[in-house]
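A.B. asks: Quick note: the sequence shown uses our numbering, first residue 1, plus one each step.
None of these hints come from the bench; they were simulated from the model. If you're wondering where the values come from, they're calculated on a predicted model, not measured in any experiment. You may find that some hints are simply not true.
Calculated pairs, DSSO-like style, for lysine-lysine (alpha carbon to alpha carbon, straight line, at most 27 angstroms) [as the list claims (entries may be wrong)]: (1) K366 with K379; (2) K183 with K379; (3) K366 with K22; (4) K207 with K379; (5) K183 with K22.
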Amino acid sequence: MNPQPTPDFSAEDRSALLDTVKRFATQAIAPNVNAWDEAGEVPRALYTRAAELGLLGLGYPEALGGTPAPWSVRNAMSQTLARWGGSGGVMASLFSHNIGLPPVLAHGTAEQQTEIVPPVLRGEQIAALGITEPGGGSDVAGLRCTARLDGGDYVIDGEKVFITSGMRCDWITLAVRTDLKSKGASGLSMIAVPCDAKGVSRTPLQKMGWLCSDTAHLRFDGLRVPARYRLGEEGAGFRMIMGNFNGERLALAAMALGFAEACYDEALAWARQRQTFGVPLIERQVIRHKLMDMQMRIASTQAWVDAMGARADAGDTGPEWVAQVCLLKNHATQTMQFCADAAVQILGGMGFMRGTVSERVYREVKVMMIGGGAEEIMKELAARQLGL
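Could you put together the complete structure from these sequences and hints?
C.D. replies: This is how it looks when you write it as structure tokens:
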């Protein structure tokens with residue numbers, strides 16, 4: 001979570017923004033998603049277009065080229081873009097900077113922020129986050145990628161895997177072990193790494209979903225990075241990583257809610273037009289009940305997302321809030337899973353076909369349930385935050 005002041009955002013401002021987001025999603029994203037899935041990436045021009053509309057900079061300081069906005073507005077933007085764009089791959093690609101840049105904002109120097117942040121918010125460069133390694137994901141304290149100080153440089157060796165935007169990122173906020181004698185959380189640091197440096201190699205990964213989001217396995221072999229790119233104090237990385245996860249989980253919940261709504265929209269439209277035994281499918285009680293089951297879960301998730309966003313905007317982000325966000329992330333992704341499954345069932349054979357939103361979301365739901373903290377980890381973290 002970034003310690004940004006909560007700006008004023010009128011109801012008119014919010015409405016105008018969401019109208020813009022919906023138009024962008026329905027005109028620039030939804031008609032092209034199938035082709036981008038086939039290509040395995042979204043065009044770089046989409047970043048520029050999103051930047052021109054102010055979407056990439058939403059929630060960032062004006063001095064760095066952004067537009068300050070409260071969590072309630074950022075969540076609404078994510079939800080709207082997910083609902084009308086219907087692609088987690090597009091969301092992951094366009095907004096990978098929202099997990100890569102927050103540590104730079106929260107812990108970087110003014111010089112670091114000025115060099116790294118504005119080109120990304122203009123859509124000219126791409127930022128990513130590098131935490132997960134081949135030997136472990138949720139066990140952040142056990143990461144093995146090392147960075148040893150050699151004169152004025154850190155020399156980085158190791159690997160990262162499942163890195164969103166890993167094939168194309170210009171900057172990656174990298175979690176490394178700077179205390180080579182430590183095996184726990186105390187020896188970790190974070191470094192902003194320019195990805196055009198010698199010693200970085202990238203291998204693309206093939207996935208079940210998020211097909212248009214490039215995902216990579218990265219190797220660092222004797223990569224030299226100036227020590228001035230270290231974020232904050234050496235050894236403070238674990239705290240930075242844990243704090244960064246909270247914002248990511250809240251954003252994932254808002255996205256999951258939008259995807260659940262997208263499945264409901266498609267299922268309802270299909271039920272109204274599909275004729276079975278001479279009457280529209282919507283005339284079948286069992287179908288209406290499925291739609292109402294979807295609505296129940298969507299409504300409860302909406303209320304929870306709104307409540308957690310409001311608390312964050314009010315500065316209420318203590319242990320109990322963290323626990324609630326962990327549980328919300330689980331609830332929202334379960335809502336997405338339920339609605340995707342119900343929508344595919346309502347669409348029948350058409351729901352099994354590539355090109356429908358529900359089929360795409362059905363494949364994408366698992367990464368939402370794992371990314372940012374798997375369900376089991378979320379439950380355990382929430383219990384600990386509540387002192388259980």
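A.B. asks: Against each hint, give a clear statement of whether it holds in the structure.
C.D. replies: Structure-based check of all given hints:
The straight-line distance between the Cα atoms of K366 and K379 is roughly 17 angstroms, inside the 27 angstroms bound, and the hint therefore holds. For the hint linking K183 to K379, the alpha-carbon distance of about 25 angstroms falls within 27 angstroms, and the restraint holds. Only pairs whose Cα atoms come within 27 angstroms are accepted, and K366 paired with K22 is accepted, the gap being roughly 25 angstroms. Distance restraint check for K207 and K379: the Cα-Cα separation of roughly 26 angstroms lies within the 27 angstroms cut-off, and the hinted pair is therefore satisfied.
For the proposed pair K183 and K22, the alpha carbon gap of about 47 angstroms is over 27 angstroms, so the pair is violated.
Consistency note: the structure conflicts with earlier hint 5 alone.
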